[in-house]
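There are 2 protein chains.
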Amino acid sequence: MKLATLKNGTRDGKLVVVSRDLTRFTDASFLVSTLQAALDDWKRISPHLAAMAESLEAGAVPASRFHEHDAHSPLPRAYQWADGSAYVNHVELVRKARGADMPESFWTDPLIYQGGSDAFLAPRDPVVAADEAWGVDMEGEVAVIVDDVAIGASVDEARDAIRLVMLVNDVSLRGLIPAELAKGFGFYQSKPASAFSPVAVTPDELGDAWDGGKVSLPLCVDLNGKPFGRANAGVDMTFDFPQLIAHAAKTRALGAGTIIGSGTVSNKLGGGPGKPVSEGGAGYSCIAELRMLETIAGGTATTPFMRFGDTVRIEMKDKAGHSIFGAIEQTVQRREG
Amino acid sequence: MKLATLKNGTRDGKLVVVSRDLTRFTDASFLVSTLQAALDDWKRISPHLAAMAESLEAGAVPASRFHEHDAHSPLPRAYQWADGSAYVNHVELVRKARGADMPESFWTDPLIYQGGSDAFLAPRDPVVAADEAWGVDMEGEVAVIVDDVAIGASVDEARDAIRLVMLVNDVSLRGLIPAELAKGFGFYQSKPASAFSPVAVTPDELGDAWDGGKVSLPLCVDLNGKPFGRANAGVDMTFDFPQLIAHAAKTRALGAGTIIGSGTVSNKLGGGPGKPVSEGGAGYSCIAELRMLETIAGGTATTPFMRFGDTVRIEMKDKAGHSIFGAIEQTVQRREG
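Protein sequence lines, in the order shown, are assigned to chains A and B. Each residue of the first sequence is one higher than the one before, starting from 1 at the first, in UniProt numbering. Each residue of the second sequence is one higher than the one before, starting from 1 at the first, in UniProt numbering.
Misleading hints may appear alongside valid ones.
Remember, identical chains collapse to one label, so a pair may be satisfied in a single copy or spanning two.
As the list claims (entries may be wrong) - Think about it this way: if two alpha-carbon atoms lie no more than 16 angstroms apart in a straight line, the pair counts; the simulated EDC-like pairs of lysine to aspartate or glutamate are:
(1) K7 with E104
(2) K319 with E205
(3) K250 with E336
(4) K183 with E92
(5) K7 with D148
Hints are computed from structural coordinates only; laboratory data are not their basis.
Construct the complete structure from the given sequences, taking the supplied hints into account.
Laid out in structure tokens, this is it:
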């Protein structure tokens, strides 16, 4: 089934079930008001939501037109957002661009950071920044929402806890990252609010593209209307979601509704870095990666980070070319005052 | 007023108003079921809670005996937990112990990390660890809960957003920190679930001890029944709460119910490091600080981190010697399986 949260003036919005083709929805809020409430009691509630989804496909329940613009992030706020960095290729490039070696352990020990989850952006909200020098960059990623995960859970237990899949724009302020990471405590100011796709789907909606741990489809990232990234999220993912979840649960339990991200999707090309989409490559899911390649090749990065007015669109399509999650589409805006 | 959340088998517990002397409570859940719900609509709901607190003091409402053991953390789960490191003295000592200089900017630019907030421990819950080598340590701190804070809020706006004050044991796994921080993305596995004091109080309950930005009272940290720390939370706090909150809101809005921590409370002594309580000093709010002093003095740390069965108690008393927030009291336990 496919679920979305419509804006209704409340902090957590209203839960609806969306048709497979994303054209219609039926109100689910009389059954359970919010997605978090559904996740809190998933075993009891999800069969009813699934039945509602079937009825919606069959035209057996009242339905209204679904507009992606009306959707909030599926969880407008969450109790946890932890983002992995599973495409180690991407990490290696970041390091290479600044002349730093990557420890061998990065291929065996997942990297993860704790993100802010108290106020996500809606998928069509602007990204607001005070200064272009903050270096706004998108990071196109896949994310999963999990059920309760016990402390010390195994990879198999982690796999069984995956409830929903969605996309995320993990907005990064590249200009603030070096100084903040140098302080040693990780990201805070350099990771402003993220936005998630209008729709979250159960893994069965992905069919063959879901192997229990990752999504084997290209992530379409467009910058100002032009294809920028088409990296396949199922390729070069060194740690799959169950591994990331088990890593996150090593020293503490994870509460239902915890969101775990994949990190920026990134594909190698013939063992080396990728090529732009315009040259037949898979491109990039963030600008930083292209800038790193420019730096490695020519000493300086020439592509700028996002400027006020620039727009990024992040989407994923099934093999028939239909959007699975709807699109994240965000424009960078100057914060006034 | 003083608020607590009683365990009732649900994820968010039941909101109650507690008497000033912590002996009685009256159920507030018919008015608003949870503390998060009260924070979501604070302006409208808090006057009713305040009236209830007055009636409770006057004996004008039904009351039951308040047992700290029955309390969950005031927010059993929260949408954000961000912990500052405002006692820069503590940070300087950590660095000194490993022979690293501290950048001058640490005195002017607050350090903060994003913590996990999806499943806090109750104030009397055990701290569960798989291995003593993880190096379980307490960190005694003060924390505030804020209302909505706009992106780019000023220090004055941040001050006005403080709603509640409480204590926290920001449990740390010292054995896991060096390797995790070396990866560059901050804490994750090395910061398991934190626990908060049984009671959260509005700042007016602190009287003269609250100056709008910090609490000028000793934080009592006892290890296995013996005084370990008596550092004054109002002394050597380089950044007060409004400064920490404004720092946190620089690039993103903070949602109502966001918890901001002070970092480990730490006092200097005559410009240098402190002395143990047994020698007339203010002692320490975490074991690591004592170990750092041992390392600086003699080359090796001799005091071990917490072992299975060890207990820490964290409390703060008013000038008359009465507990303000109730006590956090946690024993370290081996995780089975």
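Notebook entry, point to check: Is it within a copy, between copies, both, or neither that the alpha carbon of K7 lies no farther than 16 angstroms from that of E104?
Noted result: Neither: 45 angstroms inside a chain and 46 angstroms across chains, both beyond 16 angstroms.
Notebook entry, point to check: From the Cα coordinates, with 16 angstroms as the cut-off, is the pair K7 and D148 best called within, between, both, or neither?
Noted result: For K7 and D148, the Cα distance exceeds 16 angstroms both inside one copy (26 angstroms) and across copies (18 angstroms).
Next item on the list: Using 16 angstroms as the alpha carbon limit, work out where K183 and E92 are close: within a copy, between copies, both or neither.
Entry: Between. Shortest inter-copy distance 12 angstroms satisfies the 16 angstroms Cα cut-off; intra-copy 21 angstroms does not.
Checklist line | Within, between, both or neither, where K319 and E205 count as close if Cα-Cα is 16 angstroms or less | finding: Classified as within: same-chain Cα gap 12 angstroms, cross-chain 62 angstroms, threshold 16 angstroms.
Next item on the list: Check K250 against E336 for me: Cα-Cα at most 16 angstroms, and say if that holds within a copy, between copies, both or neither.
Entry: Intra 43 angstroms, inter 13 angstroms, cutoff 16 angstroms: inter-copy only.
Checked against the numbered hints above, the structure breaks hints 1, 5 and satisfies the rest.
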